[in-house]
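Asker: Let the hints inform the model, and build the full structure from the sequences given.
Numbering-wise (this note's numbering), the sequence shown opens with residue 663 and increments by one.
One or more hints might be untrue.
Claimed, not checked - Straight-line C-alpha distance at most 30 angstroms; calculated DSS-like pairs for lysine-lysine:
1. K940 / K794
2. K914 / K890
3. K914 / K871
4. K774 / K914
5. K871 / K794
6. K757 / K774
7. K939 / K757
8. K1042 / K940
9. K939 / K890
10. K940 / K757
11. K774 / K790
12. K878 / K794
13. K1028 / K890
14. K757 / K794
15. K774 / K939
16. K790 / K890
17. K939 / K794
18. K794 / K914
19. K1028 / K1042
20. K878 / K962
21. K1028 / K914
Claimed, not checked - Label pairs and their calculated CB-CB ranges:
22. E1077 / A863: 16 to 22 angstroms
23. S997 / N967: 39 to 45 angstroms
24. Q932 / G788: 24 to 30 angstroms
25. N936 / I808: 20 to 26 angstroms
26. G1050 / Q775: 42 to 48 angstroms
27. P809 / D1004: 29 to 35 angstroms
28. G788 / Q859: 18 to 24 angstroms
29. S758 / R1072: 41 to 47 angstroms
30. Q885 / E807: 20 to 26 angstroms
31. K790 / G1050: 19 to 25 angstroms
FYI, nobody ran anything at the bench for these hints, they're computed from the structure.
Note that the Cβ used here is the ideal one computed from N, Cα and C, for glycine as well.
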Amino acid sequence: MNVTKTDTVLTALVLLSGYFIMSGHKNTAHHPSGFRDAVNDSSGGAMDSLKSSAGDVKTNIPAQAATAAADNQLLNEYLRLITAQFSWYGESEQKSGLTDAQLAQAVVTGLKQGVYDAVVLGESHGNKREQKAARLIIGEILAGEIPVGAFLQEAVQQTKKSSDPIVRYEESIFIPAPQQLKNSTAAPIGVFEDVDQLIHAHVPVLFMKNQFNPDKDVNAGLQTAGAKLLITYSGSAHTAVCMRDYIINTLKSADMGWGHTYPGRPVIEQTLQNRGKKPVIIAMADESYVFNRIITTQLKEASNNVSYEQWQTNLEALKTAWNMTMGSFQCSSSSIRFVQSDEQPGFYIGIADGERRPLGIEAIQKIAQMPEFLQWLGDKNIRSVDAGLFSTSPCPNDGTCCRGYSVSVRNGEQEFNRSVCVTDLP
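Answerer: Take a look at the structure:
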């Protein structure tokens, strides 16, 4: 079966388009805390049945129609798998949401009306737009004359036990002034880079000792804050149960430091709720991370011990299904969109738009056509494939800079490695 043939692809797409038109198909909504059930069958043996789908078609169907039906089945299956992995994140992608300024006003209003009495902020790490949005939200809270008693954040560089009176490793750490933070080699560095507005407002800045088990740190923050507001800032995975479980269970992103006992360890949301607090949770999630995790998972299945011909079929179907899924999302924007959960009104997900074209798949397809690759593979099966984004650094100004994908293909015995620049893709 070869879906690169024009008539096969067009036939499959026509059939699939008819399916959407006739059924009025749309993503199924999932409760943020209950999405796990929606993706239980998105891994494991699902792709095993796909590998033999062409052979299951009745023999009395003409050969071309049988191929189109199998291709259509493959496309439908990839759409199902991708939709399941997007889960409630995909539902949010289809909504316009709020700007950072609009969300900041909503948070301030909620705090003043007593709807919320704690603020939990989370970031993807490394996205400047997310930090900018957080600064605006914090600034509006301070400008709204809401008393803030403490700012507790995840530490990038943890400290060791020190005699420095400013740094106390045994408990959450208070840094009273930016200058001391810069001058003390024992002091930690927080993920939130700009604490100046908090320092100027005389808000104590605390650092978490262990964001993977934040009970003690959050309790110390609440004790410091007293009757005033506590604001926390960490990686988004530590903010809420739904966010943590989505990243680990649905995006298959290992266990991210929790170990196998992570369900028994709280996230910030749980600790605050256990203390009777009503937090508003703003978890920012970079599209590029979510997209990469989903494509990586699907590539693993599509490249799991298959023939070269079936591998090409799987890749083309995966790329088509991906592009169709992206068509239902909001237009990309330079600003972050904040979407409120329908089931959990105190939870907002902040979507930072990224590259939506499946460049990793296209890079693999380009390598798969190289004569040296075909000679290397011979008649062996594809066992596994990895495609990692990279960029040359530092980037020279002579036109040789490359942002692209490093691809590794394994046939069970050897490994074929090549890099493809994005600019070289058609």
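Asker: Against this structure, judge whether each hint is valid.
Answerer: Right, here's what the structure says about each hint:
Only pairs whose Cα atoms come within 30 angstroms are accepted, and K940 paired with K794 is accepted, the gap being roughly 25 angstroms. Simply put, K914 and K890 have alpha-carbon atoms about 38 angstroms apart, too far for the 30 angstroms limit, and the pair is violated. Only pairs whose Cα atoms come within 30 angstroms are accepted, and K914 paired with K871 is accepted, the gap being roughly 26 angstroms. Straight-line distance between C-alpha atoms of K774 and K914 comes to about 39 angstroms, which puts the hinted pair past the 30 angstroms bound.
With a CA separation close to 25 angstroms, the supplied pair K871 and K794 stays within the 30 angstroms bound. Among the hinted pairs, K757 with K774 is consistent with the structure: their alpha-carbon atoms are about 27 angstroms apart, no more than 30 angstroms. For a cut-off of 30 angstroms, the pair hint linking K939 to K757 stands: about 29 angstroms separates their Cα positions. In summary, the hint linking K1042 to K940 is not supported, as the alpha carbons are separated by about 58 angstroms, beyond the 30 angstroms threshold.
Between K939 and K890 the CA atoms are separated by roughly 12 angstroms; this keeps the pair inside 30 angstroms, and the hint holds. For the given pair, K940 sits about 25 angstroms from K757 by alpha-carbon distance, which is consistent with the 30 angstroms threshold. With a C-alpha separation of about 29 angstroms, the suggested pair K774 and K790 falls inside the 30 angstroms cut-off, and the hint holds. As the CA atoms of K878 and K794 are separated by approximately 28 angstroms, the hinted pair is consistent with the 30 angstroms bound.
Between K1028 and K890, the direct Cα distance comes to roughly 58 angstroms. Violation of the 30 angstroms bound is thereby established for this hinted pair. Of the supplied pair hints, the one linking K757 and K794 holds, its CA atoms being roughly 22 angstroms apart against a limit of 30 angstroms. Straight-line distance between C-alpha atoms of K774 and K939 comes to about 15 angstroms, which keeps the hinted pair within the 30 angstroms bound. Note on K790 and K890: the hinted pairing holds, with a Cα-Cα distance of about 29 angstroms set against a maximum of 30 angstroms.
Proximity of K939 to K794 is assessed by CA-CA distance (about 26 angstroms); at most 30 angstroms being required, the pair is judged to hold. Our distance criterion of 30 angstroms between C-alpha atoms is met by K794 and K914, whose separation comes to about 29 angstroms. Proposed proximity of K1028 and K1042 is supported: the alpha carbons are some 19 angstroms apart, at most 30 angstroms. Restraint check: the Cα-Cα separation between K878 and K962 comes to about 39 angstroms, which exceeds 30 angstroms; the hinted pair is violated.
Restraint check for K1028 and K914: satisfied, since their Cα atoms lie roughly 27 angstroms apart, inside the 30 angstroms limit. Between E1077 and A863 the beta carbons are some 55 angstroms apart, a value that contradicts the proposed interval 16 to 22 angstroms. Roughly 44 angstroms separates the CB atoms of S997 and N967, a value that falls within the hinted 39 to 45 angstroms. Our hint of 24 to 30 angstroms for Q932 and G788 holds, since their Cβ atoms are close to 26 angstroms apart.
Checked against the hint of 20 to 26 angstroms, the pair N936 and I808 passes, with Cβ atoms roughly 23 angstroms apart. About 47 angstroms separates the C-beta atoms of G1050 and Q775, a value consistent with the hinted range of 42 to 48 angstroms. Restraint check, P809 to D1004: a C-beta distance of roughly 31 angstroms satisfies the suggested window 29 to 35 angstroms. Hint check: G788 to Q859, Cβ distance near 21 angstroms, so the stated range 18 to 24 angstroms holds.
Restraint check, S758 to R1072: a C-beta distance of roughly 43 angstroms satisfies the suggested window 41 to 47 angstroms. Under the hint 20 to 26 angstroms, the C-beta atoms of Q885 and E807, about 23 angstroms apart, fit the expected range. A hinted range of 19 to 25 angstroms for the beta carbons of K790 and G1050 is consistent with their spacing of about 22 angstroms.
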